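K.L.:
In case you want the letters, here they are:
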Amino acid sequence: MTFRARHLLGIEQLHPIEIATVLDLADSYVDLSRGAVKHSDRLAGLTQINMFFENSTRTQASFELAGKRLGADVMNMAMQASSIKKGETLIDTALTLNAMHPDLLVVRHPHSGAVDLLAQKVTCAVLNAGDGRHEHPTQALLDALTIRRAKGRLHRLNIAICGDIAHSRVARSNILLLGKMENRVRLVGPPTLIPSGAADWGVEVYDDMAKGLEGCDVVMMLRLQKERMDGGFIPSEREYYHRYGLDAEKLAHAKEDAIVMHPGPMNRGVEIDGTIADDINRSVIQEQVEMGVAVRMAAMDLLAQNLREERSNG
Amino acid sequence: MTELRLTNARLIDPEAGSERLGTVTIRDGVLAAVDDGVSMAPGAIDCRGKCLAPGIVDIGVKVCEPGERHKESFRSAGRAAAAGGVTTMVTRADTLPVIDTPETLEFVTRRAAQDSPVRIAPMAALTKGRAGREMVEIGFLQDAGAVAFSDGDTVTTDTKVLSRAFTYARSLGALVIGHVQEPGLSAGAAVTSGKFASLKGLPAVSPMAERMGLDRDIALVEMTGVKYHADQITTRRALPALQRAKANGFDVTAGTSIHHLTLNLLDVGEYRTFFKIKPPLRSETDRLAVVEAVASGLVDTISSMHTPQDEESKRLPFEEAASGAVGLETLLPAAMRLYHAELLTLPQLFRAMALNPAKRLGLPQGRLSPGAPADLVLFDPDAPFVLDRFTLQSKSKNTPFDGQRMEGRVLATWVSGALVHGSAG
Numbered sequence: 001m002t003f004r005a006r007h008l009l010g011i012e013q014l015h016p017i018e019i020a021t022v023l024d025l026a027d028s029y030v031d032l033s034r035g036a037v038k039h040s041d042r043l044a045g046l047t048q049i050n051m052f053f054e055n056s057t058r059t060q061a062s063f064e065l066a067g068k069r070l071g072a073d074v075m076n077m078a079m080q081a082s083s084i085k086k087g088e089t090l091i092d093t094a095l096t097l098n099a100m101h102p103d104l105l106v107v108r109h110p111h112s113g114a115v116d117l118l119a120q121k122v123t124c125a126v127l128n129a130g131d132g133r134h135e136h137p138t139q140a141l142l143d144a145l146t147i148r149r150a151k152g153r154l155h156r157l158n159i160a161i162c163g164d165i166a167h168s169r170v171a172r173s174n175i176l177l178l179g180k181m182e183n184r185v186r187l188v189g190p191p192t193l194i195p196s197g198a199a200d201w202g203v204e205v206y207d208d209m210a211k212g213l214e215g216c217d218v219v220m221m222l223r224l225q226k227e228r229m230d231g232g233f234i235p236s237e238r239e240y241y242h243r244y245g246l247d248a249e250k251l252a253h254a255k256e257d258a259i260v261m262h263p264g265p266m267n268r269g270v271e272i273d274g275t276i277a278d279d280i281n282r283s284v285i286q287e288q289v290e291m292g293v294a295v296r297m298a299a300m301d302l303l304a305q306n307l308r309e310e311r312s313n314g
Numbered sequence: 001m002t003e004l005r006l007t008n009a010r011l012i013d014p015e016a017g018s019e020r021l022g023t024v025t026i027r028d029g030v031l032a033a034v035d036d037g038v039s040m041a042p043g044a045i046d047c048r049g050k051c052l053a054p055g056i057v058d059i060g061v062k063v064c065e066p067g068e069r070h071k072e073s074f075r076s077a078g079r080a081a082a083a084g085g086v087t088t089m090v091t092r093a094d095t096l097p098v099i100d101t102p103e104t105l106e107f108v109t110r111r112a113a114q115d116s117p118v119r120i121a122p123m124a125a126l127t128k129g130r131a132g133r134e135m136v137e138i139g140f141l142q143d144a145g146a147v148a149f150s151d152g153d154t155v156t157t158d159t160k161v162l163s164r165a166f167t168y169a170r171s172l173g174a175l176v177i178g179h180v181q182e183p184g185l186s187a188g189a190a191v192t193s194g195k196f197a198s199l200k201g202l203p204a205v206s207p208m209a210e211r212m213g214l215d216r217d218i219a220l221v222e223m224t225g226v227k228y229h230a231d232q233i234t235t236r237r238a239l240p241a242l243q244r245a246k247a248n249g250f251d252v253t254a255g256t257s258i259h260h261l262t263l264n265l266l267d268v269g270e271y272r273t274f275f276k277i278k279p280p281l282r283s284e285t286d287r288l289a290v291v292e293a294v295a296s297g298l299v300d301t302i303s304s305m306h307t308p309q310d311e312e313s314k315r316l317p318f319e320e321a322a323s324g325a326v327g328l329e330t331l332l333p334a335a336m337r338l339y340h341a342e343l344l345t346l347p348q349l350f351r352a353m354a355l356n357p358a359k360r361l362g363l364p365q366g367r368l369s370p371g372a373p374a375d376l377v378l379f380d381p382d383a384p385f386v387l388d389r390f391t392l393q394s395k396s397k398n399t400p401f402d403g404q405r406m407e408g409r410v411l412a413t414w415v416s417g418a419l420v421h422g423s424a425g
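So the sequences go chain by chain: A and B.
Reminder that position 118 of the first sequence reads as 118 in the UniProt record's numbering, one-by-one numbering, no gaps.
Reminder that position 411 of the second sequence reads as 411 in the UniProt record's numbering, one-by-one numbering, no gaps.
Misleading hints may appear alongside valid ones.
[Claimed, not checked] If you anchor each label on the Cβ, the simulated ranges turn out as follows: (1) Glu312(B) / Glu310(A): 43 to 53 Å; (2) Glu312(B) / Lys68(A): 30 to 40 Å; (3) Arg69(B) / Glu88(A): 48 to 58 Å; (4) Glu88(A) / Phe390(B): 20 to 30 Å; (5) Thr96(A) / Leu266(B): 44 to 54 Å; (6) Arg272(B) / Asn313(A): 44 to 54 Å; (7) Thr192(A) / Ser416(B): 55 to 65 Å; (8) Pro384(B) / His15(A): 54 to 64 Å; (9) Glu88(A) / Asp28(B): 55 to 65 Å; (10) Arg58(A) / Asp158(B): 22 to 32 Å.
Keep in mind the hints are simulated off the structure, nothing from the lab.
Predicted, not measured: the structure shown is a model, and the values here were computed from it.
Glycine included, every Cβ here is placed at the ideal spot set by N, Cα and C.
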């Protein structure tokens with residue numbers, strides 16, 4: 001097992017072996033979470049602070065549960081409500097928090113690179129829970145674990161990521177991770193939602209769902225934000241659903257055993273048809289949520305080990 | 001009568017496009033004679049073969065007076081300029097308040113006269129409050145000493161307002177400086193679009209926004225006949241439009257910034273905000289195309305686009321951080337990178353940094369010929385050093401060259417024959 005990182009800021013900085021290490025450990029935490037006593041003392045005595053500068057219910061709950069199952073003292077801070085309104089800068093907030101001696105800092109921020117900036121100023125381990133349109137590493141790791149458990153492997157798979165790639169940190173982290181693990185990644189969506197330069201990322205780009213899904217093992221749908229639906233990026237919600245919403249007809253182009261994923265929360269009838277989302281033979285959306293807790297337990301456990309080692313050395 | 005003789009100097013003459021060993025005689029603040037050869041007469045200062053060139057005329061310097069003196073004052077900017085071989089700072093109007101009345105302009109000239117060791121040639125805004133709705137008192141401001149009219153990096157979207165301002169400016173022979181960016185396309189952008197911007201998840205602008213901005217302004221020049229200068233051309237695709245405008249005989253010139261000539265968009269790296277400038281850094285292809293355009297003379301001037309920002313404005317997530325970099329002291333050393341890379345010669349560099357800007361503004365500076373003001377810079381193009389931003393004279397230390405190896409040091413600077421920085425001999 002090898003995991004050297006001090007922080008989990010993005011998939012970009014991780015080596016494939018580190019990714020595999022997180023996933024292997026996460027497998028054991030799936031078992032723990034399914035057992036009768038969902039508790040361990042791996043993080044006992046450590047303080048975890050969840051600092052969310054952007055609304056989140058699911059990710060924050062997942063991190064909180066992960067910390068509690070491992071015995072950490074967990075505190076949630078809703079940052080929109082507090083210091084930002086008073087004009088405090090991100091750095092000041094970081095220094096204030098650092099003075100409280102946290103061990104694990106989980107941060108979500110609306111601006112790309114903000115979590116990197118914060119990590120430079122604190123002495124604890126920092127986990128990126130999503131920064132702007134940049135990265136969302138734990139989401140990519142939980143998606144990887146879900147795929148590995150469903151498909152039995154995490155390499156040489158055809159994976160289509162569909163929808164609003166341009167504004168999605170989930171897409172970026174997934175593209176990086178799946179590429180590092182030697183998969184074939186396709187991006188499918190209207191050209192207004194495909195980032196410029198995407199063709200240079202080592203992926204294939206499609207603006208036609210049928211062609212993009214042809215022969216795929218995994219279909220990953222992305223959420224389309226409400227504010228992007230009216231005329232700005234796409235003509236309308238109904239045209240988007242017609243051309244890019246995942247329904248049985250479009251899914252038929254993928255392999256027969258292709259799995260369907262979505263990071264949630266879903267817009268049923270916009271990017272995905274309700275019956276597909278609920279089809280237990282195809283959809284692994286609920287598993288993704290379960291894997292989320294396990295992956296976050298694993299990531300925090302590994303970072304805490306490195307932190308302890310660093311502190312004992314000096 | 002005071003006389004000063006600088007000899008054994010490698011004279012960089014941008015007008016003649018030549019370099020030669022020679023002697024310069026200064027009398028009463030003016031170049032009295034420029035002679036070939038070395039003459040070690042008593043009292044002559046031996047320049048030991050170092051380069052002597054006309055002082056730099058830097059169009060677009062932001063001195064944060066009035067309004068933000070904690071970022072830069074006339075004293076600190078003037079010292080920085082002297083240390084960087086800049087003998088004329090052409091100051092921007094985007095201060096707080098905006099320089100849009102003869103009264104505020106007089107404040108600038110008075111403060112500059114009190115505190116700055118180098119010359120100031122102030123610009124005024126083109127529209128009141130840089131708001132793009134009403135033109136300023138162009139005539140009064142010219143009388144008060146405004147050398148050009150510019151709203152800085154704000155683009156007026158109302159072309160009717162702009163066409164009237166251009167028409168009025170034309171009747172007075174005033175020079176208008178425009179920021180060429182299509183404002184809709186570039187709204188909210190922090191970097192140039194492409195693979196890097198997308199991977200970093202940063203809001204980006206297509207380099208085409210510059211071409212669109214330039215095309216619009218050139219059409220307005222054709223319509224009104226105004227004297228026009230584009231502040232910064234930084235992309236390959238804008239160059240043919242500029243070339244056509246010049247070939248068609250329009251009174252159009254263009255500048256670029258030293259940062260766009262020496263850095264590219266990948267320098268932003270891990271969200272380094274000192275590399276956030278306006279317009280954003282471009283691709284390497286664009287950089288080299290613009291360097292070539294400076295060599296050919298298509299792009300006329302090089303500026304530092306000196307923009308002081310305090311630590312608080314830069315220690316923020318990239319999108320929120322302020323744009324701009326200080327450049328007065330690093331303009332010459334950075335320009336030496338282009339010289340050492342054999343992309344531009346020293347006379348070409350000083351044509352773009354001294355002669356052309358002075359000519360465009362109607363100033364007598366920028367020349368190394370008898371009768372010109374004795375604004376001079378003596379420098380060693382080969383002297384190596386590692387830049388430490390805390391050694392800069394500017395109050396703000398936001399330079400993208402911090403920690404970098406540079407070659408080229410200013411040894412001495414004279415304004416009107418008076419030594420304002422360093423020492424010779």
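K.L.:
It remains to establish, for every hint, whether it holds in the given structure.
P.N.:
Right, here's what the structure says about each hint:
1. Distance hint check for Glu312(B) and Glu310(A): the Cβ-Cβ separation is about 31 Å, which falls outside the suggested range of 43 to 53 Å.
2. Roughly 37 Å separates the CB atoms of Glu312(B) and Lys68(A), a value that falls within the hinted 30 to 40 Å.
3. For the pair Arg69(B) and Glu88(A), the beta carbons lie near 25 Å from each other, so the given range of 48 to 58 Å is not met.
4. At about 26 Å, the CB distance of Glu88(A) to Phe390(B) agrees with the hint of 20 to 30 Å.
5. Roughly 34 Å separates the CB atoms of Thr96(A) and Leu266(B), a value that falls outside the hinted 44 to 54 Å.
6. At roughly 30 Å, the beta-carbon separation of Arg272(B) and Asn313(A) lies outside the given 44 to 54 Å, and the hint is violated.
7. A hinted range of 55 to 65 Å for the beta carbons of Thr192(A) and Ser416(B) is consistent with their spacing of about 58 Å.
8. Distance hint check: the CB atoms of Pro384(B) and His15(A) are about 37 Å apart, inconsistent with the given range 54 to 64 Å.
9. In this structure the hint that Glu88(A) and Asp28(B) lie 55 to 65 Å apart at CB holds, the actual value being about 58 Å.
10. The hinted range of 22 to 32 Å is not satisfied by Arg58(A) and Asp158(B), whose Cβ atoms lie roughly 46 Å apart.
Against the hints set out earlier in the document, violations occur for numbers 1, 3, 5, 6, 8, 10.
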